[in-house]
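Spelled out from the first residue to the last, the chains are:
There are 2 protein chains.
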Amino acid sequence: MTHPTTAPPPRTHLDNGGSAPLHPLAREALAQALADGWADPRRLHAEGRRAAALLEGAREAVATVLGARPPEVRFTPSHTASLHAAVAQVSRARRRQGRDVVVAATERAATLHAAEHAARQADGRRVVVPVDGVARVDVEGFVAALGADGAALAALQHANGEVGTVQPLDVVHAAAREHGVPLLVDAGSSVGHLAVPHAWDVLAADPADWGGPAGVGVLAVRHRTRTAPVGPEDPDPWAPGGVSVPLAFAAAVSLQAVEADRVAQDARRRRLVERIRSVVAGVPDVEVVGDPDDRLPHVVTFSFLYVDGEALVTELDRAGFAVGSGSACTAATLEPSHVLAAMGVLTHGNVRVALDRSTTDDDVERFLAVLPGAVARVRAMLGADGL
Amino acid sequence: MTHPTTAPPPRTHLDNGGSAPLHPLAREALAQALADGWADPRRLHAEGRRAAALLEGAREAVATVLGARPPEVRFTPSHTASLHAAVAQVSRARRRQGRDVVVAATERAATLHAAEHAARQADGRRVVVPVDGVARVDVEGFVAALGADGAALAALQHANGEVGTVQPLDVVHAAAREHGVPLLVDAGSSVGHLAVPHAWDVLAADPADWGGPAGVGVLAVRHRTRTAPVGPEDPDPWAPGGVSVPLAFAAAVSLQAVEADRVAQDARRRRLVERIRSVVAGVPDVEVVGDPDDRLPHVVTFSFLYVDGEALVTELDRAGFAVGSGSACTAATLEPSHVLAAMGVLTHGNVRVALDRSTTDDDVERFLAVLPGAVARVRAMLGADGL
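Quick mapping for you: the protein sequence lines, in order, are chains A and B. In this text, residue positions in the first sequence follow our numbering: the first is 76, and each later residue adds one. In this text, residue positions in the second sequence follow our numbering: the first is 76, and each later residue adds one.
Looking at chain A on its own, in the form it has when it is part of the complex:
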C-alpha cells in the first residue's frame, strides 16, 4: 500500500554565478581523483607521486586554457583567497615602487577589501576609479591613476558577475605595462563563459563559477611579475598546507569541458538572455541594468521599482526558481550592492538571473511565466500596487 504523496515542485536554479551545480565531468573526475589522488602529493612513495602527477596534470590543463605556462598556475583555497593573496603578494613585492592600489569601483568585495588592507599595510592609499551607468570603468581615470606616482598594483575585472558588463582590458593593460604597474584581472565570472583574456599580469579564475567544485581557486601569475609572501613561511605561500588534489583535478577537467563547448553555449545562452530581456521589458516599472551588448552571455540583471529584492527572491523561491539579488545577495550581508550603487542605478528590487549550461528553453519560459505575477504579488504585499 502506498501513501498518496504530493510531489515536490520542480526546482529551477537560475543563480549560477559563483556557485553552479557540478558539471557531470567534474563529478566523475572528483570520484576518480578521490580514489587515486588522496595522498599528500609531497610524499616520496607511489601514492604521493600519483597525487603529485594528478596535481601537475591539473596545472597543465588549466595553464593551456588560460594561455599560461604550467609553473605560472597556482591553486588556492578559494577565489576570495586568490584575490587576497594576489593583491597582498604583488603589492608587497612592489613596495619600493609604490604603496597605492588602484581598483575599479565595481570590483568584487574581496578585491576592494584586499586593496584597502594592502594599502594600509604599506601606508598607502586605495584609489577607487568610478564607473559609468552600465558599470564600465572610467578608462581615462584608471589610466591617470596608473600613471600617478605610487601605484603598486591595479585591479580590474574582466566582466562583472552581478551585471555582466565587460571591461576594456586591452587599453588598460597597455597603459599599465607602459607605467610598469602589474594588472590583476579578476576573471572569476567570465572564465568558462567568455574567451579568456590575454591582457593581464595576474589572472584569477573561479572553478565554482564554471561547474567545478567550491573549495579551490585558480590563479595565474606571469613569470615576469614579482611576488613576495606575506604570511608565515610555508612551502606554498598561495595555499598554506596545500589544496585538495581531487578538487584541483575536478576543477581542471571541468574547465576543459566547458571550454570545449563554450562558443555553442555562448550563442544558446545569449539567445535565452535576449528572450528574458524582451519579456521583462514588458513588466511595468523595470530597469534592465548593465551593458546590453558587451557582456557575459549568461547573466541578466534587472531592478523593479516598488519591490524589495529579498522579498522577490523569496517569492520566486516559493514558485520553484532560485535567483540572485544584488540587494539581498547573501543572507550574511543584507546591504545594497556596491556595484549597483557605483553605477548609480536602483539598488532595491534587484534580481540577477545567471543561466547554467543545463538551463533549457523550457526552464526560461516557465520562469518568465511566473515572474510578472511574482512581482505583482510582492508589490501588492508592500502596498505599492496602485502606485
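None of these hints come from the bench; they were simulated from the model. Positions of the beta carbon are idealized from the N, C-alpha and C atoms, including for glycine. Treat the hints loosely; a few may be bogus.
As the list claims (entries may be wrong) - A few chain B positions that, by computed beta-carbon distances, are all more than 12 Å from chain A:
1. A168
2. V203
3. V209
4. D245
5. G255
6. D281
7. G286
8. G306
9. Q331
10. V363
11. V398
12. L443
To be verified - DEER-style ranges, computed between Cβ atoms:
13. B:G142 with A:R441: 31 to 41 Å
14. A:T139 with B:D111: 27 to 37 Å
15. A:P447 with B:A303: 46 to 56 Å
16. B:D436 with A:R144: 47 to 57 Å
Here the structure of chain A is known, so what remains is to put chain B in place on it, guided by the hints.
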C-alpha cells in the same frame, strides 16, 4: 584471447598520518553533499539554505565530538591554515597583554612558522621550549615561559605525529589559565585516535588525518578566547571565501564514524604496533624513538644506523609498502626532521609507520617480512654492510 599479464604488486599504505585514504563513510557523505550541498550557503533560496543546513549539521557533529559548542567550531581550508589563523588571530587580540609566542620545540612547522611571524609582527619573541629524549616538553620551562611577562599565546601539541609522544596538557593548561595565557592545542595527529583532550582554549584538528578529506581544517575556539582578524575584511576571517560544504560535511561524518569505534581501534592498533616494535628491535643497530607507552596508538618510528631515510623509503616503496620518514618526509623539504633533532636522536635512517583503521595483521606481517631485508640492501648499497 587474453594476453599474459603480470599483476601489479599489491600496495600497502603505512603512511596514514596526515593523509589517509578516505573512510568509506566519508566517501558516501561527500557524494551526498556534492548532490545536496553544492550551492553557496549564504544564499537565501532553497539550494543555499540546504547547503547552509548541511554546514550547520557538520558544525554540530564536530562540536559534539570535540566537546565544544557549535558556534565555537570553525572550518578552515587546511590544518596548516587553522594553525596559522589561530596563532595570528589570538596573538593579535592579546597584543596589549603580550607580544611573545611560547611553543614547544617539537610543534609542527606550521605552528613554529606562525609563531615566528606573529612575534615579528608584534615586535615580540618566539620562545621555544625544549623537549626531552622522548619528545616530552620540559614542563617547568614551559610553565616558566607562560609566567614570564609578555606571553600573548602558547602552543603545545596533544601528540606528536612523527614520534607519537603525548604531551602533559592538563598541567600546562592549568598553568596557562593561572597566568591568563590562551593555550592552542594542535590535536591534528590525535583526534580520531585518542580521546579528545579537554585542556585547551583553541583546538586544531585535521580531517585528512582521520580519514576525512584534505582541503578542510577544523578549529575550535572557546567562547571566552578573544580573537582579532588580521587580513582583509571578510564575512569569514577563518576561511576567506568560505570552505567547501561537501568537504566539511564529509569531515564531520567521518569524525563521528572513527570516534564510534575509536576504543576498539586503539586496542587493535596498539597490539600491531607492539608487534612491530618487537620485530624491529631484532634488527641490528636500530633505535625506536618516542615514548613507548604514552603515545598515539597507531604510530611507531624507528631510526636505523648506517641507512639513508630517503633510500629506505624508496626501497620499501619498491616492495609495495608506503611509509613516511622524518629524514625524507616530503619531496619538497629533504631536511632532517626538526622533531628528531629537538629530541637529540638520530635524524637519518628514519622510518615512520602509521597504521590506518583498515591495516590488517596480514599487512603488518608482510611488512615485517620485508623490512630487515630492505634495511640490509640499503646498507649494502651504501657500503655500510660490514661496519
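Each hint, compared with the structure:
At the 12 Å boundary, the C-beta of B:A168 stays outside the reach of chain A, the nearest C-beta of that chain being 17 Å off. Taking the minimum C-beta to C-beta distance to chain A, about 15 Å, the non-interface status of B:V203 holds against the 12 Å cut. Residue placement check: B:V209 keeps its beta carbon more than 12 Å from all beta carbons of chain A (closest about 25 Å). With 12 Å as the threshold on Cβ separation, the claim that B:D245 sits away from chain A holds: the shortest Cβ distance comes to roughly 28 Å.
No Cβ of chain A approaches the Cβ of B:G255 within 12 Å, the least distance being about 25 Å, so the stated non-interface status holds. The claim that B:D281 is not at the interface with chain A is violated, since a C-beta of that chain comes within 12 Å of its own (minimum 9 Å). Annotated as non-interface, B:G286 brings its C-beta within 12 Å of a C-beta of chain A; the closest such distance is 10 Å. With a least CB separation of 6 Å from chain A, B:G306 falls inside the 12 Å interface cut-off, contrary to its annotation.
Here B:Q331 stays apart from chain A, with its beta-carbon at least about 19 Å from theirs, past the 12 Å limit. Separation of B:V363 from chain A is adequate, the least Cβ-Cβ distance of about 21 Å exceeding the 12 Å criterion. Here B:V398 does not stay apart from chain A, with its beta-carbon only about 7 Å from theirs, under the 12 Å limit. Every CB of chain A lies more than 12 Å from the CB of B:L443, the least distance being 18 Å, so the non-interface label holds.
B:G142 and A:R441 have their C-beta atoms about 49 Å apart, which leaves the hinted 31 to 41 Å range violated. The supplied range of 27 to 37 Å is met by A:T139 and B:D111, whose beta-carbon atoms lie about 33 Å from each other. Checked against the hint of 46 to 56 Å, the C-beta distance between A:P447 and B:A303 comes to roughly 49 Å, which is consistent with it. Look at B:D436 against A:R144: about 49 Å separates their beta carbons, and that is inside 47 to 57 Å.
Figure legend: structure checked against the earlier numbered hints; hints not met, in rising order: 6, 7, 8, 11 and 13.
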